[in-house]
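J.: Chain by chain, the residues:
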Amino acid sequence: MTYPTTFRGVLVVLTLLVAVVIVVYASTLAAAGVGIVLAAVAAYLLYIAGYRIDSYLKNRA
Amino acid sequence: MTRTHTAAVVLTVLLVAGLLAPPAVRGQSTADVVTIDADHGLTDRDAIEGYEDDGIATATRTVPDVRLTVAEDHEDVDLGGFRLDADKRYLRIQYNESLTKTLRIYVPAEYFYPITAEDDTAVNADVTADFAPTASGRYTSMTVRFEGQTDAVWTIPKAASFVFWGRAKSREVVANTTGYRPPQIGANGTWAYVPDGALDGEASYPINTTGEGLTMQYDSAGEGPAGEPTWVSVPDCDGGSAPVCQYTKAGVDDQVFVLSKTDDPPPVRWQRGKNLRASGSSIINDLGLIPDRIKEDLSGIFGWEVGK
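Top line first, the protein sequences correspond to chains A and B. Counted the way this note's numbering counts, the first sequence spans residues -8 to 52. Counted the way this note's numbering counts, the second sequence spans residues 5 to 312.
Quick caveat, the hints were computed from the structure, so don't treat them as lab data. One or more of the hints may lead you astray.
Heads up, simulated SDA-like pairs for lysine to any residue below, C-alpha to C-alpha not over 25 Å straight-line [unchecked claim]:
no., chain 1, residue 1, chain 2, residue 2
1, B, 299, A, 25
2, B, 299, A, 21
3, B, 299, A, 2
4, B, 299, A, 23
5, B, 299, A, 15
6, B, 265, B, 207
7, B, 299, A, 12
8, B, 299, A, 27
9, B, 278, B, 240
10, B, 299, A, 14
11, B, 253, A, 20
12, B, 299, A, 34
13, B, 265, A, 14
14, B, 265, A, 15
From a predicted model like this one, the values you see are computed outputs, not experimental measurements.
Construct the entire structure; sequences and hints are all you get.
T.: This is how it looks when you write it as structure tokens:
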């Protein structure tokens, strides 16, 4: 079994874990659906922010 | 010490003494309030249904001797003169004792939305009352002090009154001209509640539907931070840990049943039709409760004491 090593891979795995928790603990299907969409959007925004920070650190010289 | 200083010191002492005095000395203490609360006939299902049909509901109590009336027409509460009834409802309290008493009465939300008002004076008597929603949002709590036998009527403003009035009027016109009675969206758009005690002991309660959908929610305030009611959609009975769930029976198309899965079920309310705004806030409430549910599970598994 291989573990994710990249930032994107870790983010995807964490988002999937959050999605599973939401599905288990939300009491209705609608809440689970909205929760998963919100988690995906948050993960995407985090990825964009991380990517920007990475680019900035690499190119600041 | 100058005269001004002396006066200031005396004033300060008086103020501090006033603040430290027990509530009974300062004014009305809660111990003097006769708490009728929801223990009166207006909370009965029959009275609520009668009000939805006829626009008037009445209940009488002997101890204390009081008669409660909620009406949509000012003539039903013996108010004379010209009055527009479209934007208000009337709450009449006939107090028939000579003793001075402060009463606290809960009026169910089926009659009017829970309102907040302080020192609201009756239209026909020199009596003031305080109104405030109860924690569950199920009732308006009314506190009023009577100095003897009194017949007092308060006007209660309808929320978004003209919308509901227009809807009711147009429904009436359609029904009178075509004979077809359009389905009513709730009782004037208000929430109806499962009566207290109807779900005790893991019981089920039927709710009549008209095939246009149903928005049903329970108060999950027990799961989250105490205080404000947190209304969450009642899920279907196909698993899950919600204290109440809903199901239908094969062959019964016009009823949905709400089933309690605990001995101490939470308040349940419903509205005919799909209320998108309520569904949206229910989803947000549901998601907000997930951390509390996880904490509860963890504390159940490991015996941790997790503070809310």
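J.: Does each hint hold? Answer for all of them.
T.: Against the structure, the hints come out as follows:
1. B/299 to A/25: 22 Å, holds
2. B/299 to A/21: 22 Å, holds
3. B/299 to A/2: 24 Å, holds
4. B/299 to A/23: Distance ~18 Å between residue 299 of chain B and residue 23 of chain A Cα, so the pair holds.
5. B/299 to A/15: Roughly 14 Å separates the two Cα atoms, so the pair holds.
6. B/265 to B/207: Satisfied, since the Cα-Cα distance of roughly 8 Å is no more than 25 Å.
7. B/299 to A/12: The hint holds at about 12 Å.
8. B/299 to A/27: Holds: residue 299 of chain B and residue 27 of chain A sit about 20 Å apart, inside 25 Å.
9. B/278 to B/240: With Cα atoms ~16 Å apart, residue 278 of chain B and residue 240 of chain B stay inside 25 Å; holds.
10. B/299 to A/14: It holds: about 16 Å lies between the C-alpha atoms, which stays within 25 Å.
11. B/253 to A/20: 21 Å, holds
12. B/299 to A/34: Status holds; Cα separation ~23 Å.
13. B/265 to A/14: Cα-Cα ~21 Å, so holds.
14. B/265 to A/15: 19 Å, holds
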